[in-house]
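K.L.:
Given only the sequences and the hints, what does the whole structure look like? Please build it.
Chains as they are written, first to last, in my numbering: chain A, 10 to 126; chain B, 593 to 706.
Just so you know, the hints here were simulated from the structure itself, not pulled from any lab data.
Among these hints, one or two may not hold up.
[Unchecked claim] Straight-line alpha carbon distances no greater than 25 Å define the calculated DMTMM-like cross-link-like pairs of lysine to aspartate or glutamate that follow:
| no. | chain 1 | residue 1 | chain 2 | residue 2 |
| --- | --- | --- | --- | --- |
| 1 | B | K660 | B | D616 |
| 2 | B | K597 | A | D113 |
| 3 | A | K66 | B | D688 |
| 4 | B | K597 | A | D94 |
| 5 | B | K663 | A | D113 |
| 6 | A | K22 | B | D688 |
| 7 | A | K66 | B | D623 |
| 8 | B | K646 | B | D616 |
| 9 | B | K646 | A | D94 |
| 10 | B | K648 | A | D94 |
| 11 | B | K629 | A | D113 |
| 12 | B | K597 | B | D688 |
| 13 | B | K660 | A | D113 |
[Unchecked claim] Label pairs and their in silico Cβ distance ranges:
| no. | chain 1 | residue 1 | chain 2 | residue 2 | range |
| --- | --- | --- | --- | --- | --- |
| 14 | A | T47 | B | H664 | 23 to 33 Å |
| 15 | A | N68 | B | S644 | 19 to 29 Å |
| 16 | B | Q687 | A | F69 | 11 to 21 Å |
| 17 | B | G652 | A | G12 | 17 to 27 Å |
| 18 | B | G652 | A | D113 | 15 to 25 Å |
| 19 | B | R653 | A | L126 | 35 to 45 Å |
| 20 | B | I610 | A | P17 | 33 to 43 Å |
| 21 | A | T124 | B | S661 | 42 to 52 Å |
| 22 | A | T47 | B | S661 | 24 to 34 Å |
| 23 | B | T703 | A | G12 | 23 to 33 Å |
| 24 | A | S60 | B | N705 | 46 to 56 Å |
| 25 | B | E634 | A | F69 | 15 to 25 Å |
| 26 | B | E650 | A | D113 | 36 to 46 Å |
[Stated by the list, open to error] Chain B stretches covered by chain A per the calculated footprint, using a threshold of three residues with CB under 8 Å from any CB of chain A:
| no. | region |
| --- | --- |
| 27 | 600-610 |
| 28 | 628-637 |
| 29 | 696-702 |
Glycine residues also receive a C-beta, built at the ideal position from the N, C-alpha and C atoms.
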Amino acid sequence: KAGVTQTPRYLIKTRGQQVTLSCSPISGHRSVSWYQQTPGQGLQFLFEYFSETQRNKGNFPGRFSGRQFSNSRSEMNVSTLELGDSALYLCASSRGGQVHSSTDTQYFGPGTRLTVL
Amino acid sequence: DQQVKQNSPSLSVQEGRISILNCDYTNSMFDYFLWYKKYPAEGPTFLISISSIKDKNEDGRFTVFLNKSAKHLSLHIVPSQPGDSAVYFCAASGQDQGAQKLVFGQGTRLTINP
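P.N.:
See the structure below:
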């Protein structure tokens with residue numbers, strides 16, 4: 010069974026640009042969550058999508074947005090990039106029960122390393 | 593406001609000995625706790641979890657202990673093996689104002705020395 014895939018793996022952008030990252034969940038998984046990992050902050054939850062709807066949201070500004078398609082694939086968009094957006098962006102998929110619960114383990118992709126110059 | 597803290601950024605342990613990784617949390621609404629392991633260039637992988645109704649959960653060489661009164665959990669690995677060298681993240685989950693929240697610590701880099 011294929012794992013969670015993320016594209017691209019590496020990306021370099023300049024300040025002010027926008028970027029779109031893609032995540033394909035494990036087959037049969039309907040929930041996709043996005044996280045930002047930075048050295049100082051660890052992993053921070055961005056948002057979670059289930060059945061094409063945003064179900065949970067972290068404390069990130071509106072420049073960070075996402076969507077989910079009918080095949081459960083998800084995209085994350087960051088507009089007006091800032092230097093501080095440089096990070097590893099991870100997506101995780103799960104079957105879609107109560108997310109983050111004992112019945113719904115998340116499986117992570119390898120991440121997209123975004124560098125903003 | 594760091595609700596989940598791993599105060600040791602790194603830990604070095606001799607092969608065969610016990611590794612103990614610690615995690616503290618501040619929010620009483622957390623009721624489910626997880627440990628993830630991360631190798632370089634890979635995403636985190638789920639290792640072990642514990643519900644707040646328990647104080648211990650064991651899976652092979654890995655045991656997680658939860659002390660609710662102290663808001664503290666720990667991961668014990670015994671015996672430690674070289675393949676255990678990785679970054680370990682603890683995470684806490686719970687309902688907060690109608691949303692299910694998952695908060696990670698900053699991670700601890702574990703190095704197992706032969």
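K.L.:
Confirm or reject each hint.
P.N.:
Hint by hint, here is what the structure shows:
1. Proximity of K660 of chain B to D616 of chain B is assessed by CA-CA distance (about 10 Å); at most 25 Å being required, the pair is judged to hold.
2. Proximity of K597 of chain B to D113 of chain A is assessed by CA-CA distance (about 23 Å); at most 25 Å being required, the pair is judged to hold.
3. With a C-alpha separation of about 11 Å, the suggested pairing of K66 of chain A with D688 of chain B holds against the 25 Å cut-off.
4. The suggested pairing of K597 of chain B with D94 of chain A holds, with an alpha-carbon distance near 22 Å, which does not exceed 25 Å.
5. For the suggested pair K663 of chain B and D113 of chain A, the alpha carbons sit about 23 Å apart, so the restraint of at most 25 Å is met.
6. For the proposed pair K22 of chain A and D688 of chain B, the alpha carbon gap of about 35 Å is over 25 Å, so the pair is violated.
7. Pair hint K66 of chain A plus D623 of chain B holds up; C-alpha atoms about 19 Å apart against a cutoff of 25 Å.
8. Taking the CA atoms of K646 of chain B and D616 of chain B, the gap is near 17 Å; set against the 25 Å cutoff, the hint holds.
9. The suggested pairing of K646 of chain B with D94 of chain A is violated, with an alpha-carbon distance near 38 Å, which exceeds 25 Å.
10. Note on K648 of chain B and D94 of chain A: the hinted pairing is violated, with a Cα-Cα distance of about 38 Å set against a maximum of 25 Å.
11. With a C-alpha separation of about 17 Å, the suggested pairing of K629 of chain B with D113 of chain A holds against the 25 Å cut-off.
12. Between K597 of chain B and D688 of chain B the CA atoms are separated by roughly 19 Å; this keeps the pair inside 25 Å, and the hint holds.
13. For the given pair, K660 of chain B sits about 23 Å from D113 of chain A by alpha-carbon distance, which is consistent with the 25 Å threshold.
14. Taken as a hint, the range 23 to 33 Å holds for the pair T47 of chain A and H664 of chain B, whose Cβ atoms sit roughly 25 Å apart.
15. As the Cβ distance of N68 of chain A to S644 of chain B is approximately 23 Å, the hint placing it in 19 to 29 Å holds.
16. A beta carbon spacing of about 20 Å between Q687 of chain B and F69 of chain A agrees with the range 11 to 21 Å that was offered as a hint.
17. At roughly 22 Å, the beta carbons of G652 of chain B and G12 of chain A sit within the given window of 17 to 27 Å.
18. For the pair G652 of chain B and D113 of chain A, the supplied restraint of 15 to 25 Å holds, since their beta-carbon distance comes to about 22 Å.
19. At about 43 Å, the CB distance of R653 of chain B to L126 of chain A agrees with the hint of 35 to 45 Å.
20. Our hint of 33 to 43 Å for I610 of chain B and P17 of chain A holds, since their Cβ atoms are close to 41 Å apart.
21. For T124 of chain A and S661 of chain B, the Cβ-Cβ distance of about 44 Å falls inside the hinted range of 42 to 52 Å, so the restraint holds.
22. About 32 Å separates the C-beta atoms of T47 of chain A and S661 of chain B, a value consistent with the hinted range of 24 to 34 Å.
23. Range check, T703 of chain B to G12 of chain A: Cβ separation about 26 Å, and the 23 to 33 Å hint holds.
24. Here the CB-CB span from S60 of chain A to N705 of chain B is close to 48 Å, well matched to the stated 46 to 56 Å.
25. Restraint check, E634 of chain B to F69 of chain A: a C-beta distance of roughly 24 Å satisfies the suggested window 15 to 25 Å.
26. In this structure the hint that E650 of chain B and D113 of chain A lie 36 to 46 Å apart at CB is violated, the actual value being about 22 Å.
27. Counting residues of the region 600-610 of chain B whose C-beta lies closer than 8 Å to any C-beta of chain A gives 0; at least three are required, and the coverage claim is violated.
28. Only residues whose C-beta sits within less than 8 Å of a C-beta in chain A count toward coverage, and the region 628-637 of chain B has 6 of them, enough to reach three; the restraint holds.
29. Evaluation of the coverage hint for the region 696-702 of chain B: fulfilled, as 4 residues show C-beta separations to chain A shorter than 8 Å, against a requirement of three.
Of the numbered hints listed earlier, those contradicted by the structure are 6, 9, 10, 26, 27.
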